[in-house]
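S.K.: Here is how the chains run, residue by residue.
Number of protein chains: 6
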Amino acid sequence: MDNDRFERGKKQLETMSGVGVDAMLEKLVGIAPDLARYTVEFPYGDVVCRPGLDIKSRQVATVAALTALGNAPVQLNAHISMALNVGCTRAEIVEIITQMAVYAGFPAALNGMAVAKDVFAERDRQGLS
Amino acid sequence: MDNDRFERGKKQLETMSGVGVDAMLEKLVGIAPDLARYTVEFPYGDVVCRPGLDIKSRQVATVAALTALGNAPVQLNAHISMALNVGCTRAEIVEIITQMAVYAGFPAALNGMAVAKDVFAERDRQGLS
Amino acid sequence: MDNDRFERGKKQLETMSGVGVDAMLEKLVGIAPDLARYTVEFPYGDVVCRPGLDIKSRQVATVAALTALGNAPVQLNAHISMALNVGCTRAEIVEIITQMAVYAGFPAALNGMAVAKDVFAERDRQGLS
Amino acid sequence: MDNDRFERGKKQLETMSGVGVDAMLEKLVGIAPDLARYTVEFPYGDVVCRPGLDIKSRQVATVAALTALGNAPVQLNAHISMALNVGCTRAEIVEIITQMAVYAGFPAALNGMAVAKDVFAERDRQGLS
Amino acid sequence: MDNDRFERGKKQLETMSGVGVDAMLEKLVGIAPDLARYTVEFPYGDVVCRPGLDIKSRQVATVAALTALGNAPVQLNAHISMALNVGCTRAEIVEIITQMAVYAGFPAALNGMAVAKDVFAERDRQGLS
Amino acid sequence: MDNDRFERGKKQLETMSGVGVDAMLEKLVGIAPDLARYTVEFPYGDVVCRPGLDIKSRQVATVAALTALGNAPVQLNAHISMALNVGCTRAEIVEIITQMAVYAGFPAALNGMAVAKDVFAERDRQGLS
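Chains as they are written, first to last, in my numbering: chain A, 1 to 129; chain B, 1 to 129; chain C, 1 to 129; chain D, 1 to 129; chain E, 1 to 129; chain F, 1 to 129.
Derived from the structure by calculation, the hints contain no laboratory data. Since the structure is predicted, the reported quantities are computational estimates derived from the model, not experimental observations. It cannot be assumed that every hint is accurate.
When chains are identical, the list treats them as one kind, so a pair holds in a single copy or across two.
To be verified - Only pairs whose alpha carbons sit at most 30 Å apart, straight line, appear in this in silico DSBU-like list of lysine-lysine: (1) 27 <-> 117; (2) 117 <-> 56; (3) 11 <-> 117; (4) 27 <-> 10.
Given these sequences and hints, build the entire structure.
M.R.: Right, dumping it as C-alpha cells:
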C-alpha cells in the first residue's frame, strides 16, 4: 500500500536527518500537502531506501549533484548534514565539493563550499560531528 | 613541477580508464593542446588523485553530477566506464542514475540510463564487467 | 512603429500585473533603460499578447519553465502573481509546481513552492485571491 | 496498493500517448526495470492524473519546461506528441515554444521548435493532427 | 517601424554570417514564421547592432555563454563562425572555450571545443580563415 | 613548479581585483585550503594569464557566461568589478548583460543587471569608475 511507502520513507528520512518529518515538512504541508507526502514517499520510500547502493554512497551522489546544479542551496545544506549523519566525514564532503570544480566549474564548487561551511558551523554549535 | 602534475594525472587517468592518454586526447590535442594538458593536470593530477576520498566514491560523485547536469553524454559515457573499472558494479551505476530522478527529474535520469545502456553493451562486446 | 510595441506591451503587462510599468521597472531604468524598454516590447508587446494561446495557458507555461530552471525566484514570484491575476487558481499553481518535481526534480519543485507560499501570503495581506 | 498506482499510471500514459507502455519502456526495462516502473507510477500514477489541473494545461507546462531546460529533446518530442493527443493544437505548441525565447533565450526556443518540426512531420506521415 | 528592425537585423545578421537570412531561416519559417522574424528583429535588429560594444566583443560574449550553457551546439557552431567572420582568430576562439573550463567545468569546455573543431574543419573546406 | 603557478595566479588575480588574495580567500582557506589554492593556480595561474586573448575580452567572456548560467551572483559581482578594473566601461557591462537576454532569456539578464547595479553602487561609494 501507499501507506507502506510513506511509513518506510518517513523512517528512512528521519534516520538520515535526525529530525522528525512533521517538523521538516511543516511549512510545505500548509500549502502543498500532497507534494509533502510525495517528498517522503518517492525519494525516501522508493529510492533512497533501496538496498542496491549503500546509504553513504547515495549521499555522496546527492551532494555532488546538488553542488553541480548549483540552484538548490537549501537542499544542499540538508543533504550535507544527512551525509555527515550517515557516515561521511567533513573532509570527505570537502573532497566531493572540490571535485565539482572539475565537472561544473569553480563558481559551483565555491558556492557549494560556502553551504558546507554553514552546515559545519551549525553542527559545531550543536556539538555534532 | 607542472611536469609532476601531468605525469601523476596521466597515470591516474590511464589506471582508471584503461586507455592511453595519447589516444584519449588525440582529437583535442590537434586543436587545443593546452586544454588537453590541463584536462590531465587539474582533474586527474590535482583532484581525483587526492587521498581524502576513495576512488570509487569519486566516480559515484561524477556519474551523479553528469547525469544531473544532463548536457555531457560523452563525458558521462567515459565516467560510467571508469566507475566500473574502479569497482562500481553495473547495479550500482543503475542505482546512482535512478536516484537522479529525484534530484534532477525523470528526463535527466532516463537520458543518463540510455548512456549507461550504451556503455554496458560496449563492455559486453569487449568482455568487460 | 516600435512605439506601438511598447504601448501594446505596457498595456498587456499592466493588465496582467495590476502594477504600473513605471513602478515595476523603476530600478532597472536607472541603470539599463533600453533593457527596461525591451522587457516591455519583446515579451509583452510581441509575444505574450499574441492571440494564438490564451493568457492563462501562457502563464501556466511561464510558471512551469521558471520553476524548472530554478534560478529566477524574483521573476517566478511575479509570474505566479500574474497567473493568479489572469485566472489561475492557487490550487492550479500548486499543481503546476508539484508537476515540476517529475520533470526537473524535487529541489526545483520545493523551491518553487516556497516562492508560491510567499506570493500567497503577500496576496492574503493585500486581500487578493 | 502500489499496484494501483502502476495501473492508474499505465492507463493515464497510454491514453495520453496512444502507445502501449510495454513498447514505450521496452529498452529501459532491460537495464533498469524499477526506474521503468517508477516512470509510470510517480509521474503518471501520482501526478499527471491528479484532478486539480486539466490535462491540456499539464502538457502546456511540461512542453514549456522541457523546452526551457533544453537538455531532453527525446522527452520533449514525446510530450509534444502527447500534448497534441490531449487537445493542444499545433499552433498552440508553436506559441508555447516561441514564448520560451523570452524566458530561456532564443537558442532554447529554436531547438525546441526543431523538435516540434520533427513531431509534426512524423504525425503527418501517420495521418495524425 | 517594425520593418526597420527587421531590415536592420537582416543586414546585421547577413554581414556577420555571410549567409542570406532566407537560407538561414528556411526551415524555421515553414513552422514558425513569427519566431523566425523575431530571431532577426530582437537579437540582431535591437541588440547585437547596438553601438555600445564592438561586434567582436559581442561574439566573445556569445561564444562564452553558449559554451557555458552547453545545450545549444547548433547555435554555438553558428556563433563561432560569426565570431571568426567579425575578426576573432581561431586562437582566440580556443582561448574563450578553454576559459569556460574554469567557469562551467571541463565537460562544457571539451564539448565546446569539439564544436569549434567542426567549425574550423568546415571553414578549411571552404577556404575561410 | 606548482609554486610558480600560485605566484603567477596570485599576481594576476590581485592585479585584476585590486584586493589581496589572502583577504579574498580568507573564508575558504579555513574550510578548504586546497580548493583555495586551486582557485588561484588553475583559473589565474594557468588560464586567465595566458597571452592568446586580451584580459578585457577574457572578462567579457566571464561576465557573459556567469550572467547566462544565472546561479553564481557572488562570482558575477566579483567579475563585473574585475572587468571594470581591466578596462571595461560600465556601459559595456550593461551591453554584455543586455545581450544575454537573447541567449539565456530575460530573467537571466534582469538578474545579472541587478548584480551590476549593486557593483556600480558599491564602486560609487568607493570612488571607483
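S.K.: Does the structure break any of the earlier hints, and which numbers would those be?
M.R.: none
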